[in-house]
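*Asks:* The two chains are supplied separately, each in an independent frame; assemble them into the complex guided by the hints.
Same order as they appear, the protein sequences are chains A and B. Its first residue numbered 1, the first sequence is counted upward by one per residue in our numbering. Its first residue numbered 1, the second sequence is counted upward by one per residue in our numbering.
No lab work stands behind these hints, which were simulated from the structure alone. Fair warning: this is a prediction, and the values are worked out from it, not measured in the lab. Beta carbons: idealized from backbone N, C-alpha and C, even for Gly. It is possible that some hints are incorrect.
[As the list claims (entries may be wrong)] Derived pair list, reagent style BS3-like, types lysine-lysine, alpha-carbon separation capped at 25 Å:
{"#": "1", "chain 1": "A", "residue 1": "Lys376", "chain 2": "A", "residue 2": "Lys287"}
{"#": "2", "chain 1": "A", "residue 1": "Lys34", "chain 2": "B", "residue 2": "Lys193"}
{"#": "3", "chain 1": "A", "residue 1": "Lys183", "chain 2": "B", "residue 2": "Lys193"}
{"#": "4", "chain 1": "A", "residue 1": "Lys51", "chain 2": "B", "residue 2": "Lys195"}
{"#": "5", "chain 1": "A", "residue 1": "Lys181", "chain 2": "B", "residue 2": "Lys196"}
[As the list claims (entries may be wrong)] Coverage of chain A stretches by chain B, computed from C-beta distances (three or more under 8 Å per stretch; other residues unrestricted):
{"#": "6", "region": "45–53"}
{"#": "7", "region": "136–146"}
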Amino acid sequence: MPDTKNIYGIAALFNKPDDIITAASKIADSGYTKWDVNTPYPVHGMDNAMKLKPSKLGFVTLFFGLSGTTIALLLMWYTLSVDYPLVIGGKPFFALPAFIPVTFELTVLLATVSTIVAMFAFFFGLPNNDHPINDTNYIKKVSVDHFGVIIEASDPKFSQTTVEQLLKSLNPVSIEVIYQKEKIRYPIFEKKFIMFLVVVAVIVSAGTYVTLDKLMFLLPFNWMMDQAKIIPQSRTELFQDERGMRAPVEGTVARGFLPYPFKGVDEPPEFLSNPLIPTKQNLELGKKKFLTFCSPCHGNFGDGDSRLRGQFPNPPSLHSERIRNFEDGHIYHVITNGKNVMPSYAAQIDCEERWAIVNYIRVLQRSKNASDKDLKMVSQETGTKDAN
Amino acid sequence: MTDYSVEPSLVRGRLTLEQIEELVVKPLDTKPDRKFWIAISISGSVLMVGVVCLLLTFYYGTGLWGNNEPVGWGFPIINFVFWVGIGHAGTLISAILYLLRQKWRTGIARFAEAMTIFAVICAGIFPVIHTGRPWLAGYLLPYPNQHGLWVNFTSPLVWDVFAVSTYLTVSFVFWYTGLIPDFATLRDRTTSKIKKTIYSIFSLGWRHSNRHWIHYEKAYALLAGFATPLVLSVHTIVSFDFAVSILPGWHTTIFPPYFVAGAIFSGFAMVSTVLIIVRKIFDLEHIITLDHLEKMNKVILATGMMVGLAYATEFFMSWYSGVPEEQFVFINRVFGPYMWAYWIMVSCNVIFPQLFWFKKIRRSIPVMMVIVILVNVGMWFERFVIIVTSLHRDFLPSSWGMYIPSLVDIGILAGSFGLFFTLVILFTKTLPVVSISEVKAVSDGGQPSNHGGNNYA
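Okay, chain B solo, but in the shape it has when bound (with noise of 0.2 Å):
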């Protein structure tokens, strides 16, 4: 029998605190290589392929997109919710583990978090481009101005403006707060001057004294407990602008939970494809340990069957509603005009993540990274059937339509994963991916071990 009270160690190997000090910063002292240079071109290209579509909508409109009458949001707010919803895995790793005193988050959190704030920046394009006029986004700030005017407070598209900037915000300082041991540890051990400047700089002059580290971890859970019901309040608000509406399939109370377990569903998905290649790249697996990814996995199972839950009470009360409208949507949902896209939702989201139950493949690379890929192209498609079936064909049958997306469109997402994983690229070889200070403190050996009647602990 194996023990299971026993958490096997965090980190693998035996890694002195110098050795794990030396394997987060191997990436930032050597000079970038061969494949780096290959995947930050890919990603760049990628990105500004996404650019160059950007700049045709903007010369000639949005004309160039498939939104149409009866489909008004389309691509972009598809991808704005896919976006934001990928941010919060991270947020979730390093404030509610943090609040669970799940120590296995530390090697993962600083990967998370980044990836929280450039899946926001990814997100908080759609919005603005898709009002058509995005140089005119500033009149979405309540300020006094010459028009005598104010923005509608009780609209949830103004919710979404102050909850996705002040998610990036929060997520920022978050992250930030974070990293500043660890460049005051960058700062320590460099031995070129222009970085010594840079991370001094970074470092705020941190000295690692205790009577800074008391505050600074009561900051840390104060800011965790915010996090986690700001991160909640995100989704829910972005859920918001659906279910404040009267459209059929879209009006429903269930959204809120709904959307916040899919988000915490799509968000693992994305920081696992991303961690799998960066652990192998970047020698990390003693840190990032397959322990963490079957962790990972396991949430993903969770909250997959969560969301195949919120799928099936949709259906629920769409028929126990008993109205017509209603019923008409997800029946036309599931065999109407759009229902590859559904059956692609439930396959990837539902269906494949079952294989999760079996240790083995929890525990296998190949297969996780199948599984995740997939779940991610569920989730973005979960977008697409809520957003274009419903739209597509509501209450009046002179009013349908067809939304087929344009090349632009398609650009246009390609470019914000460019611009994401140009991103994650950039900072992988810019800053320490694990947190260096969090990873010690949970290493064997890394706190007093209390014998000798040593009370102080």
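For reference, chain A alone in the conformation it holds in the complex (with noise of 0.2 Å):
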């Protein structure tokens, strides 16, 4: 007789559903507690014969479930409601008849693979091939059609003689003693393997580091930063003048741009007259022009004061009795074909600009040089004395 310690249990085998459940309930009044029943299916009222108690997995499902909901709701509003908000199709950023269908999904999938997972892994501890029933003519017999029923080695009550007794006096169709495997064991996991397989990631993957990274140069993917087109400032082979970018075609009149008859032209003509009423709105589109155009050279307030730290000859004040003088035509001359140093703006600023332009240093002038008449007329009209 083989030693009894490896005995891992003593198994019945019986060939009709009614059977075994008379068997299962014997036993299970009999007091063992570490026993079991094989049966190809469920078979009806086996869980009242042997006295088990109703399944908890509800409870992992109901878990994981709600956890599905709670991931998913979290999700869409942490995304959509504070991570990128965004206004969709007139809803509101947590818009929760919207967000039904993804939770409702999220719970599903969550409940029911976590149900299934925790009832295999860990209900079950399958996946399991190693153990003593498996690959026994016991379980081969339940496979097809037996109902068989074993009491194991580990149950207090254990003894090999009255267990055979018990399941003799049930007339079984067979008994047969489990015994406890060997361990098996498989050449994929002997240390020699597992290192040869580490020494061969190590060399492959230094191998593969050293080859890509110092022997070879690869380019890097730049993501279409160079690519074959002519862009701004650059050179090109493909004009003749080798430029990037292109002039207009000689002739064009950009809107807004009137060809300027008196171009080059030392003096104006004297019947070039203002067109522009000095109004408020027309004031504060000339002082935008000037103190974007001009200022930089002639100064905020037109003292000929370059902010430009002298990089450039200083222009004259605006304030000499010359300029003064002048006619606005003549201003407006200058700023259309430049003078001396200053070149045309013609091409950045538009004529009813222009014009703006010089009602504003007509402004600027008068500030400058306010008759008394012209101070009383701001103190009344702001009622106070600072301009005094």
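*Replies:* Spelled out as structure tokens, the structure:
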């Protein structure tokens, strides 16, 4: 007789569902705790016969189902209401009705997958192909059409003779003693083989790293930053003048930039007169354009105090006697045509804006050389004596 | 008088448990015969046609398709809705009939579940290729990326991503859970060492223990409970793709129930089509009996009438709404340039299934085969009608157009059928097409008789 320590359990086979129900209820009544019934399919009434408690698997489902709901809602709340709020279809940032479908799907997904994983991995301890029952004649019979019962040796009441007697009294088809299995050694888990795998992995990765990073130079992908197109300010062979940017065709007239008839003439004709009345709106425009284009050299108030720190020759003050006596048309002419070092501003400032600048220069000039009458008017309008 | 209160035996011919098992695993134990090779080479060739058409599309772009400006959805979305619908029968049979304690489901549930998975795989291809840049499909998932952007969770198209992927995962889990006891049976009966290793891995070492069965049955019920609303939600969400838009013919609240009924209708028809062939080829007439097919035909008749009711309701609502555009779309469906498609749809889906009122026709294999194939055709045309006739003429007559599918479109559609049938054929030869443990459990004498005052049942 083999060593009893090696016994896993003693099994009996029956070939009728009625017999196994009777056997199970008898074994349950005799007070064994570590025993089991193996049937090719769930037999009705077996849970009661074995006095098993109802499955608690539902709690896993509930927990993970609710987790799915929570995760889905939190994810959508964070992404669409906090991290990147965006009005879509006039809905609020947290549009609960529109979030229901995804919430539902995630709930179902987590609930079902977790139930199955928890059942097999934690409730059953599967996969386990090394279990002593596996591969025995007993399980092979059960898999087809027999119904088996097994009392395990780890049961506190277990004794080979009494258990065999009990099983025999139930009139089984056969009785089988099932022994513990020897641990199977798999060659792929041998230490030598694992070490071999590690060494191969290290050599391959080190070799790849050295080859790709040190021996070869691979141009990194630059996300289309270099493209075969002509960009502004660049040289090109395509055009004869080798410039990437093109000048407009000769004779092109841009909107608001009528050609100036007195280009290159020293003195403008006298009939060139200011078409704009200095309204408040017009002066605002003039101020804006003056501060943008004129003030860098002429200074914010036209004093000729360039803020270019003398990198260019300082322009004359706009408050000199000579300039104050200029006709409006003359100032306009200078802006349009340029003078001495000053280039033409015809390309940047359209004619209406140029006349507005002229009006604004007149305002600057008058404010620098205000008469008593002007000051009184300012005092009256502002209600202060600051102007004096 | 026949006593209808007693259900006929689910398994015919008084088979013993062992004989049931022998019957089911026979295709797995025998070498593939000539019929198998002919079948797989036909389906494989059709699949290759689809693969070539897809590669052409990837190389030249979606301009090879018939999709144009008014009809931007075209074949890809028609096929997507069609295949998702096919899948629904599997879950319905395995989950809803399980909850309703319809024991006859055991013979066909495994097969229907497998078809669900294959149909959803076919369906999943289409929205992805329809984007034109399938390699960017990963952007549909919400993950923190360098763009700093998230997907639009209020869009039905994103709902689709979640619904279809959840559906595929849950169907697969459901299917595999059902397969585990069968893998254990296969493991214990095989004599080949390679097969034994493979089955051992997939059976996870299942021991048929009753301490496991108690949880297993609970889990199966929970899964069925979740799969039931899931299957309804999937086609509801697919119908939202249409119903949430403002297009006449799409913007209607009847779409969710209408789509779900249509999905079950087409799915049952597809399951019947395949089962009729499979039970013949693999000698499973005792397990997948004529009673099964008759019950399926009753479901087809019922859902077919639901679909017919939905067609009628749509017409009533368009008239009752008083919206001229809405009314025009429906008149255009019936009498417009696509009236041939509409009348194919109505005759295949509503008129021909009425023949199932006659018991003789319900139990006649050749007539049944013709009708279920017509239903498949009709349900494909239903999606064609919904998509093409609504899109090709909407509010602005100057933007009207016509949709003519290209050869590449037809090739990809054929390829999806090739993929489906290739997977089905491989499945019949590698896995038990009928759940062995479930059929054993419902066979005569499979359960305790509760005689002699045994009160444990």
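*Asks:* In terms of beta carbon proximity below 8 Å, does the region 45–53 of chain A have 3 or more residues touching chain B?
*Replies:* holds (count 7)
*Asks:* Can the restraint linking Lys51 of chain A and Lys195 of chain B be considered satisfied, given a maximum Cα separation of 25 Å?
*Replies:* violated (37 Å)
*Asks:* Between Lys34 of chain A and Lys193 of chain B, is the straight-line Cα distance small enough, at 25 Å or below?
*Replies:* violated (32 Å)
*Asks:* Counting residues of the region 136–146 of chain A whose CB is closer than 8 Å to a CB in chain B, do you get three or more?
*Replies:* holds (count 6)
*Asks:* If you draw a straight line from the CA of Lys181 of chain A to the CA of Lys196 of chain B, is it 25 Å or shorter?
*Replies:* holds (18 Å)
*Asks:* With a cut-off of 25 Å on the C-alpha distance, tell me whether Lys376 of chain A and Lys287 of chain A pass.
*Replies:* Since the Cα atoms of Lys376 of chain A and Lys287 of chain A sit roughly 24 Å apart, the hinted pair holds (cutoff 25 Å).
*Asks:* Against the 25 Å threshold, does the CA-CA distance of Lys183 of chain A and Lys193 of chain B hold or violate the hint?
*Replies:* Within the cut-off at roughly 19 Å; holds.
Violation of the numbered hints given earlier is confined to hints 2, 4; the remaining hints are satisfied by the structure.
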